[in-house]
Amino acid sequence: MAEISINGSSYQVDDDRTILSAARELGYDIPTLCHHSVISDCGACRVCLIENKKSGNLMPSCTTKVTDGMVIETENKRLRRARKTVIELLLSDHPNDCMTCEADGNCELQDLAYEFGIDKPAYGGFKEEPRFTIERDNPFIEHDPDKCILCGRCIRVDQEVQCSDAIEFVERGFAAKVGAALKKDLGDEDSSCVFCGQCVEICPTGALSYAPSLGEGREYQLKKTETTCGYCGVGCKLELKSRDNRVVEAGSIYRDNLPNPDGEACVKGRFGYEFIDHPDRLSRPLIKDKESGEFKETDWEEALDYVVDNFRRIKREHGAEAFGALCSARCSNEDNYLIQKLMRAAIGTHTIDHCARL
Amino acid sequence: MAKIASPRDLTQYQKQAKAARDKIETFITMCGGTGCEGSGCREVINEMDRKLAEKELQESISLKVTGCQGFCEKGPLMVVRPAGNFYCNIQPDDVEEIIEKTVLKGESISRLEYQDPKTEEKILKEEDIPFYQNQERVVFKNNGFISPTSIEDYFSVDGYSGLVEALFNMSQEEIIEEVINSGLRGRGGGGFPTGQKWRFTYQEDSDPKYVICNSDEGDPGAYMDRSILEGNPHLVLEGMMIGAYAIGSSQGFIYVRAEYPLAVKHINIAIEQAREWGLLGDDILGSGFNFDVEIMEGAGAFICGEETALMASIEGKRGMPRPKPPFPATSGLWGQPTNINNVETFGNVPLIIKNGADWFNSIGTENSKGSKIFSLVGKVNNTGLIEVPMGITLREIVFDVGGGIPGGKEVKAVQSGGPSGGCIPKDLLDIPVDFDRLSEVGSIMGSGGLVVMDEDTCMVDVAKFFLDFTQDESCGECPPCRIGTRRMLEILNRITSGEGKEGDIELLKRLGEDIIDTSLCGLGQTAPNPVISTIQYFKDEYEAHIYDKACPAGVCQDLIYYNIIEEECRACDRCRRVCPVEAIEGEPGGDPYILYDDICIRCGNCIEECPFSAIEIIPGQKE
Numbered sequence: 001m002a003e004i005s006i007n008g009s010s011y012q013v014d015d016d017r018t019i020l021s022a023a024r025e026l027g028y029d030i031p032t033l034c035h036h037s038v039i040s041d042c043g044a045c046r047v048c049l050i051e052n053k054k055s056g057n058l059m060p061s062c063t064t065k066v067t068d069g070m071v072i073e074t075e076n077k078r079l080r081r082a083r084k085t086v087i088e089l090l091l092s093d094h095p096n097d098c099m100t101c102e103a104d105g106n107c108e109l110q111d112l113a114y115e116f117g118i119d120k121p122a123y124g125g126f127k128e129e130p131r132f133t134i135e136r137d138n139p140f141i142e143h144d145p146d147k148c149i150l151c152g153r154c155i156r157v158d159q160e161v162q163c164s165d166a167i168e169f170v171e172r173g174f175a176a177k178v179g180a181a182l183k184k185d186l187g188d189e190d191s192s193c194v195f196c197g198q199c200v201e202i203c204p205t206g207a208l209s210y211a212p213s214l215g216e217g218r219e220y221q222l223k224k225t226e227t228t229c230g231y232c233g234v235g236c237k238l239e240l241k242s243r244d245n246r247v248v249e250a251g252s253i254y255r256d257n258l259p260n261p262d263g264e265a266c267v268k269g270r271f272g273y274e275f276i277d278h279p280d281r282l283s284r285p286l287i288k289d290k291e292s293g294e295f296k297e298t299d300w301e302e303a304l305d306y307v308v309d310n311f312r313r314i315k316r317e318h319g320a321e322a323f324g325a326l327c328s329a330r331c332s333n334e335d336n337y338l339i340q341k342l343m344r345a346a347i348g349t350h351t352i353d354h355c356a357r358l
Numbered sequence: 001m002a003k004i005a006s007p008r009d010l011t012q013y014q015k016q017a018k019a020a021r022d023k024i025e026t027f028i029t030m031c032g033g034t035g036c037e038g039s040g041c042r043e044v045i046n047e048m049d050r051k052l053a054e055k056e057l058q059e060s061i062s063l064k065v066t067g068c069q070g071f072c073e074k075g076p077l078m079v080v081r082p083a084g085n086f087y088c089n090i091q092p093d094d095v096e097e098i099i100e101k102t103v104l105k106g107e108s109i110s111r112l113e114y115q116d117p118k119t120e121e122k123i124l125k126e127e128d129i130p131f132y133q134n135q136e137r138v139v140f141k142n143n144g145f146i147s148p149t150s151i152e153d154y155f156s157v158d159g160y161s162g163l164v165e166a167l168f169n170m171s172q173e174e175i176i177e178e179v180i181n182s183g184l185r186g187r188g189g190g191g192f193p194t195g196q197k198w199r200f201t202y203q204e205d206s207d208p209k210y211v212i213c214n215s216d217e218g219d220p221g222a223y224m225d226r227s228i229l230e231g232n233p234h235l236v237l238e239g240m241m242i243g244a245y246a247i248g249s250s251q252g253f254i255y256v257r258a259e260y261p262l263a264v265k266h267i268n269i270a271i272e273q274a275r276e277w278g279l280l281g282d283d284i285l286g287s288g289f290n291f292d293v294e295i296m297e298g299a300g301a302f303i304c305g306e307e308t309a310l311m312a313s314i315e316g317k318r319g320m321p322r323p324k325p326p327f328p329a330t331s332g333l334w335g336q337p338t339n340i341n342n343v344e345t346f347g348n349v350p351l352i353i354k355n356g357a358d359w360f361n362s363i364g365t366e367n368s369k370g371s372k373i374f375s376l377v378g379k380v381n382n383t384g385l386i387e388v389p390m391g392i393t394l395r396e397i398v399f400d401v402g403g404g405i406p407g408g409k410e411v412k413a414v415q416s417g418g419p420s421g422g423c424i425p426k427d428l429l430d431i432p433v434d435f436d437r438l439s440e441v442g443s444i445m446g447s448g449g450l451v452v453m454d455e456d457t458c459m460v461d462v463a464k465f466f467l468d469f470t471q472d473e474s475c476g477e478c479p480p481c482r483i484g485t486r487r488m489l490e491i492l493n494r495i496t497s498g499e500g501k502e503g504d505i506e507l508l509k510r511l512g513e514d515i516i517d518t519s520l521c522g523l524g525q526t527a528p529n530p531v532i533s534t535i536q537y538f539k540d541e542y543e544a545h546i547y548d549k550a551c552p553a554g555v556c557q558d559l560i561y562y563n564i565i566e567e568e569c570r571a572c573d574r575c576r577r578v579c580p581v582e583a584i585e586g587e588p589g590g591d592p593y594i595l596y597d598d599i600c601i602r603c604g605n606c607i608e609e610c611p612f613s614a615i616e617i618i619p620g621q622k623e
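Chains as they are written, first to last, in my numbering: chain Y, 1 to 358; chain F, 1 to 623.
Among the hints, a few may not be true.
Unchecked claim - Computed footprint of chain F on chain Y, listed as stretches where at least three residues anywhere in the stretch have a Cβ under 8 Å from a Cβ of chain F:
{"hint": "1", "region": "74–85"}
{"hint": "2", "region": "174–185"}
{"hint": "3", "region": "214–222"}
If you are wondering where the hints come from, they were derived from the structure by calculation, not from laboratory data.
Idealized CB from N, CA, C, for every residue including glycine.
Taking the hints into account, I'd like the entire structure generated from these sequences.
This is the structure in structure tokens:
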């Protein structure tokens, strides 16, 4: 345990903690930009600075561990000026286009600008002319480096959680930006991006967006439904976002004890939701008309009766061994258990198989 | 070759090397440092080799190509020993005469001797030249004396005796104690007490530990570390070995810029030799201590001189710094305790161990001990590398060692500490040069760059120059450095192009202070220094740029104009002929010429060409 003083009050805290986590738990609000719970901290954004009263230095609270006897302040005039300058500098290199930005209402930079009351940043105002081009050569992720604040969250989630190593900082200084291998697009053949979308999820601004969701609604306009992904047996939790009863985005949920606690997803779970609202999707059972050869819609009652009648007939005429069942990895364990039980106990066959054999 | 198995063996080899050297009647040392290479020393060396062979003198006369001797201004340099004739600016054509007269007959060649610009006296010997006389060459002592590619040469100057002392006569704690007592502070810029750093790493209970030699010297115009590695690589290796033994490490890295090919070559040769002789590897000198060194070549990013960025680079990551704490001593390379020191720091270590802390202590000021190598450049007569005792005044450096300002001009300021240092005005030239005094006056020791500026230097332009460098070299990680230095540069550009406005000075100051306060690493934390220190000492120049739209030093092209002095102009037509934009009009032999300011691009051609000094620079904008 370490005894530390925060803003004049003393506390006992575990000595393996960062100042940020200890202070936040104790109810002190410290703004952050490059910090996120599922990735490591790098201390780059300089917004979470606190003042070490003993050394007189400003230190990033996200990377500095508490030590016994530490005396810090999380809020004072000097810190407010320092944080404000950092945010103003970021805004001086950021377009003032919140009106039409995809991330409006879901932007940490916007929140900080509001909190610090910066209507016109010093040092030249907002960015007037773009310095970069928008990268959209793939169907899934759009990257606008002009809105990027280089917090590196996308890079760290890519490298530490997804382990794709698809993106990194390229160039240096004022020209630095986030980029894929060989300065090509994420979808290029040299790219190791798997389009898990975690970079988009973790981006604090509008620099990264889902291409299929562009223009489909702001965060606060979307209805959110927690669901289990149906694509495979892992059972990832996803947050489907819909508008006018149509799914427009699959977001991440960050929660312990999930199969995907750090918001992981695969390309199918993240982007393969179009089928939900596809006109060809079967939503009612069909029975083939023997004479015309066409499928006709029916209700479940009739469809199940039809199946039962024919199961009985086939078993009578050809025996139980004429049956075989193939079930799906997209069903739950319970579903799969029931189908084998049905085959073995009700029909009497062991010919059962499953597609999860990759 | 047999490996050196014990201290006694080493003593034997040292004796043999000395005897072999003393046997040679005459040996010529020729500077082969990069500065002299640039002045053509290779051709002189080749010519010397050829002539010695032609005259069948190779047996009795030895030509030794050494590392940098420091006096780069006068290169190529040569010393004929043991007589000690010091020759400068040697050309291949001089070689025949040197051999015939000096080497064979002992006569001096006056033409090649150094001439003191003040007294105009010829000076025969190296040690009598003011440039050397006022130095305290400790780390550089053997640079001009031994061949950097010969381990025997290093043995001949008692090389590796410090290692023996450390391995066999001292405990790890005693070595650390000795370095602490010596008062040695890091020479790379930070000035942190070296022994303390060693102690922190020593105290960490973790294995493995690493030792890194930071040779990523990046300050423009500075080449102290380069010259040590080029001229005396074994000294650095020996320092690293002592450090490694003290902290309990068996693996070292030297991170050196790939743009230093000669340094890379020489340190590679030294490592190979040390391995062959058993000075690197397992059970060094039978002591049970194991140590080896690997070279990492940096790709040239300035930021990789910052220790955490350097370690990221060794790990194969993008060279970007991380916040401290944790310090490398606790969590460094691959998360292991790591001791990282600069080349010059390691170069001091064997000397401290050999001669004792008290000897080292006797040089310098209260809190800055020993000597410091500076790269003395700019508007000064004797540019080159100098090693001076801490506590020497800037005035002594500029006027005694440096030989004053060329062209009889006035000194205006001295910029210390590389691009992140501050400009010290002439009124403060009498301050003693040490870590604390330099930072008190708003500058830093840095790694040892000293740029002398004369009255023709525009301080706003100087600030702009250095900031342009640092903002370009920012890694881009943290906003204050990435965007802040950029914004400062934009304001400076505005000021020097005549667009400056009221409040700009205050804005620069405020932003500079915030960048210093909030940046992640040393680069951003010091980048505004040149601007802040020039505002502090030369505010009037900023004001002249902003309010009078005039550059008092006559440098900023938008804030000056050229004028032909009618009374001086003889209508010789030379200015008109060299003007690239036809801004000058006139008839040869006729009326004084006319210069059209709206066409003039202020290239300076006419001023250089005019034999009558009839063209003047006037600060301000023409009405």
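Here's how the hints hold up against the structure:
Coverage of the region 74–85 of chain Y by chain F holds. Counting CB-CB distances below 8 Å, 4 residues qualify, and the rule asks for three or more. Coverage of a stretch by a chain is defined here by at least three residues with a beta carbon nearer than 8 Å to that chain's beta carbons; for the region 174–185 of chain Y and chain F the count is 3, and the condition holds. Under a criterion of three residues with beta carbons nearer than 8 Å to beta carbons of chain F, the stated coverage of the region 214–222 of chain Y fails, only 0 such residues being counted.
Of the numbered hints stated above, the single one contradicted by the structure is hint 3.
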